[in-house]
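Novice: Those protein sequence lines, which keep their order, are chains A and B.
Under my numbering, the first residue of the first sequence is numbered 1, with each subsequent residue one higher.
Under my numbering, the first residue of the second sequence is numbered 219, with each subsequent residue one higher.
Just so you know, the hints here were simulated from the structure itself, not pulled from any lab data.
Bear in mind that the values here come from a model prediction, so they are computed numbers and not experimental data.
For every residue, glycine included, the Cβ atom is placed at its ideal position computed from N, Cα and C.
Hints should not be assumed to be uniformly reliable.
Here are the simulated lysine to aspartate or glutamate pairs, EDC-like style, with alpha carbons at most 20 Å apart [stated by the list, open to error]:
| # | chain 1 | residue 1 | chain 2 | residue 2 |
| --- | --- | --- | --- | --- |
| 1 | A | Lys189 | B | Glu399 |
| 2 | B | Lys598 | B | Glu302 |
| 3 | B | Lys883 | A | Asp94 |
Below, a sample of chain A positions facing chain B; criterion: calculated Cβ distance under 7 Å [what the hints assert, rightly or not]:
| # | residue |
| --- | --- |
| 4 | Cys161 |
| 5 | Leu185 |
| 6 | Lys189 |
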Amino acid sequence: MNEKNGTSKPGAPDERRKRSGVSRRYFLKGVGGGVAASIATGGPALADEGLVGRTLPAPAFAETTVKLKVNGAAKDAKIEARSTLLSVLRNQLDLTGAKEVCDRGECGACTVLLDGKAAYACMTLAADCEGREIRTVEGLAQGDRLHPLQAAFVECDGYMCGFCTPGHVMALVPLVESGRNDVTLEDVKEAVAGNVCRCGAAPRIFEAGLNACRKSGR
Amino acid sequence: MMPKIKVTLGFKGQTREQEITIPDDEPATWDVDAKLRVVGGSHPRKEGSDKVTGRAKYTFDLNLPGMLHGKILRSPHAHARVREIDLAPALALPGVKAAIRTLEGDEVRYQGDEVAAVAATTPEIARDAIRAIKVSWEVLPHVADLEAARKPDAPRVHGAQPNETQPIEGGRGDVDQGFAEAEATVEETFRTQVQTHVSLETHGTVCRWEGDTLTCWASTQGIFTVRGDLAQKLGIDQSKIRVLCEHMGGGFGSKFNARTEGVVCARLAREANAPVKLMLDRKEEHLATGNRPSSVQTVRLGAKRDGTLTAMHLRSYGADGLGGGANCAAPYLRIYRCPNVKTIESSVHIHAGRVAAMRAPGHPQGSFGLEQALDLLAEKLKMDPLELRRRNDTSPVRLAEYAIGAEKIGWSKRREIPGSDKGPRKRGLGMGSAVWGGAGNTGPQIEVRVTREGAVEVRNGSQDIGTGTRSLMAIVAAEELGLGYGDVAATLGDTALGFSVGSGGSQTAASVAPAVRNAAYEARLKLLEIAAPLLGATPAELETAEGKVRVAADPSRALAWKDVCAKIDGPALVAHADRSRNYDAFSPGSAGAQFAEVEVDVETGEIRVVKVVAVHDCGRIVNKLAVESQIIGGVVQGLSYALLEDRILDRPTGRMVNPNLEDYKILGSLDTPEIEPVVLDVANGMNSVGLLGIGESPVIPTASAVANAVANAIGVRVLELPMTPDRVLAALERGPVEKG
Chain A
1 MNEKNGTSKP GAPDERRKRS GVSRRYFLKG VGGGVAASIA TGGPALADEG
51 LVGRTLPAPA FAETTVKLKV NGAAKDAKIE ARSTLLSVLR NQLDLTGAKE
101 VCDRGECGAC TVLLDGKAAY ACMTLAADCE GREIRTVEGL AQGDRLHPLQ
151 AAFVECDGYM CGFCTPGHVM ALVPLVESGR NDVTLEDVKE AVAGNVCRCG
201 AAPRIFEAGL NACRKSGR
Chain B
219 MMPKIKVTLG FKGQTREQEI TIPDDEPATW DVDAKLRVVG GSHPRKEGSD
269 KVTGRAKYTF DLNLPGMLHG KILRSPHAHA RVREIDLAPA LALPGVKAAI
319 RTLEGDEVRY QGDEVAAVAA TTPEIARDAI RAIKVSWEVL PHVADLEAAR
369 KPDAPRVHGA QPNETQPIEG GRGDVDQGFA EAEATVEETF RTQVQTHVSL
419 ETHGTVCRWE GDTLTCWAST QGIFTVRGDL AQKLGIDQSK IRVLCEHMGG
469 GFGSKFNART EGVVCARLAR EANAPVKLML DRKEEHLATG NRPSSVQTVR
519 LGAKRDGTLT AMHLRSYGAD GLGGGANCAA PYLRIYRCPN VKTIESSVHI
569 HAGRVAAMRA PGHPQGSFGL EQALDLLAEK LKMDPLELRR RNDTSPVRLA
619 EYAIGAEKIG WSKRREIPGS DKGPRKRGLG MGSAVWGGAG NTGPQIEVRV
669 TREGAVEVRN GSQDIGTGTR SLMAIVAAEE LGLGYGDVAA TLGDTALGFS
719 VGSGGSQTAA SVAPAVRNAA YEARLKLLEI AAPLLGATPA ELETAEGKVR
769 VAADPSRALA WKDVCAKIDG PALVAHADRS RNYDAFSPGS AGAQFAEVEV
819 DVETGEIRVV KVVAVHDCGR IVNKLAVESQ IIGGVVQGLS YALLEDRILD
869 RPTGRMVNPN LEDYKILGSL DTPEIEPVVL DVANGMNSVG LLGIGESPVI
919 PTASAVANAV ANAIGVRVLE LPMTPDRVLA ALERGPVEKG
């Protein structure tokens, strides 16, 4: 998960609001990394989720460009402070392997690797990703040659509708590429404990993960 | 001329000769002795590498040039009158290209009811726009509780109509007589919860107008149902609409027709003069796409001392939201032999989303009541519950499944005295049965193309909702043409292709496969006409096998597939076929039996499922790998229904308390037990392939098997789903209660 939620500025929440005229929620959405600090300019607070009928002035989220590194390639993206990595991947870079299912970190369908670790792209701000290695499911296969884990999924029928598949695959990549030769069923289950599969392919997914680990373990 | 032939149908250990009449343009059904090379094997899915690489594009993934993002404004209130809708503030936002009212009339009747919709350049702006719309509500009284809704003074959901429908009666024989004859009776009341489908890809469409023609990509189980619905609601001809669905992320019964969001998307696209993608979010998916209704079942069973059932009585009702029915009597009527059955069912409307068919509608609910009542009866008769079922089961297939399942779960080790394990963690075994149809229908129109280069493609407008339809089409065609699985491609998911049935009721494979075989048969006949002169034989003397066309009596006289194809006139040979109605079958529907082992911690109330053995059948197995995956998948959903899922409404506000994936829990990896799928291969007759659907039966008896196992483990029964730790502890505190 993304640990870099930014350092908090001094002062109680109320004081911060009085100082800058923005709510803490808005402020935190803009914080993180050198890039994002420059876009956390003033602007009105947004209504809370779920309340309708509030009159809003035009949203004041400034736009900026971030330089992302996705699957080894440089990708510039125009973002708002609130843009999630998932939204940028899917809507701007047309990398739709990572899926939007819950958009709040509860299902793992958007799992990507950030600096080698599994992370939920929907819970990661795009602004926080500059300078980090992003790896998505699109970066696993080499042309027509599937990654051993992907081949294992196909062989074991580790999917049905397939919507959760990229997320499960990415969640297992670190374990498979660790080279460990002592991976157990429990290890595999733990690796995908943050992913849901509604079609019920979990047992096949475990089998695919175990097989791929056994093949690549030294 | 319709030939009459004798075939041997059935399965290992249980066959019978049957005379069937086959249509003269179709091949004869594969009987018990058929030697099949591709059919029945385990084949990886055709679209497998697309799914694991992220190349597979679902409706949610489409990004068309100039595409806008749509979003619906929904009522936050369970019941309200809408006085005014002001769209102007939304239209004033930069990036908003359309805003429309969707509410017809002025009343909203559940949290989630559609009111208005917008289309904007980004999903984030669309969300801003929804929040900017000004609506003035007059909040009205609502009812969100099943029992409260049954009271005469409850707020009414539909005008002056009472919330509870007039009960519908079903059954056979004379139950009063049946109970009079009974030497033992039991009675108990069981409750099951409202369950939502939780399709991971939410509902939605992408709509693009070109002049007056509409292309609609839909996440759907029925592209033809979407087309028909759009035509009707938009007032245009079906010929002006094309619907596509190459991959979709789950439906489980909830994705048929265009539905409100599909029609709204088309309207927004027309209004904004740009393509629009409108996909629901997770909260909307829980609120407004349908659900499995709840049930309260009061069950009474009567039997003779030897276990022969003499009477069954069911009175049930359940919450069906705005409507759709809360029936659950089918298992009582169909699984076991009992001459006297009476079912009385009603549905209760509440201010919540209406129901939508959910995997085996009615059956998991009814099974939970029926199977536990049977176990209660077995306890009263001091009989093995498995034996009680054997005495009353008419299905030879299910009887065989009982034997297999019992052996694999270790039924002989079942505790005779429930709850007798020492220590706080106690183990138990339980079972449940299933019945389903899945025999398929006429409808599918298949095209088989064989090119001059020898490439084979099967084309049809079916959907593949995760069941492996593409693979099925390729396997059946390959078998008929004497080719390998890898030699045949399958294309589907487009209304421009031949008609097909909607993927519900476990009907797709059973409807499509025979039509595929018939089309491949036609193609084969055409090829044999081409090959015959080349081999100096008549077409009737030839066969296709192992990638060759050869003289059946002298296989050395053969031509390679490609060499025959090279002689095709034109770029390709094309054969079309549909299929006739089903003829005699060994079994009109599928059976099924599941056995569960659980371990219950009586101090924490947690149920840990150790193992489930799921024994099922689906007529002719076409792709063993995919069939086993379906069975496993059904068991996982059944366990989730048994232990975790619950759509909870807050009574004072009528709002769903858990419209997300954190508090609405579905089974995760750490809760997944060992699941052993076993499938019987049955030569079922019926049509040229003889398979039955397998999509639904595996989800039916899982909760029952687990509930019965829990009772065996701890000596008390949990009467309500989901079987959460608090309910287990409450049952333990109540202690065993003698009833009936």
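Novice: Out of the numbered hints, which ones does the structure contradict?
Specialist: 1, 2, 3, 5
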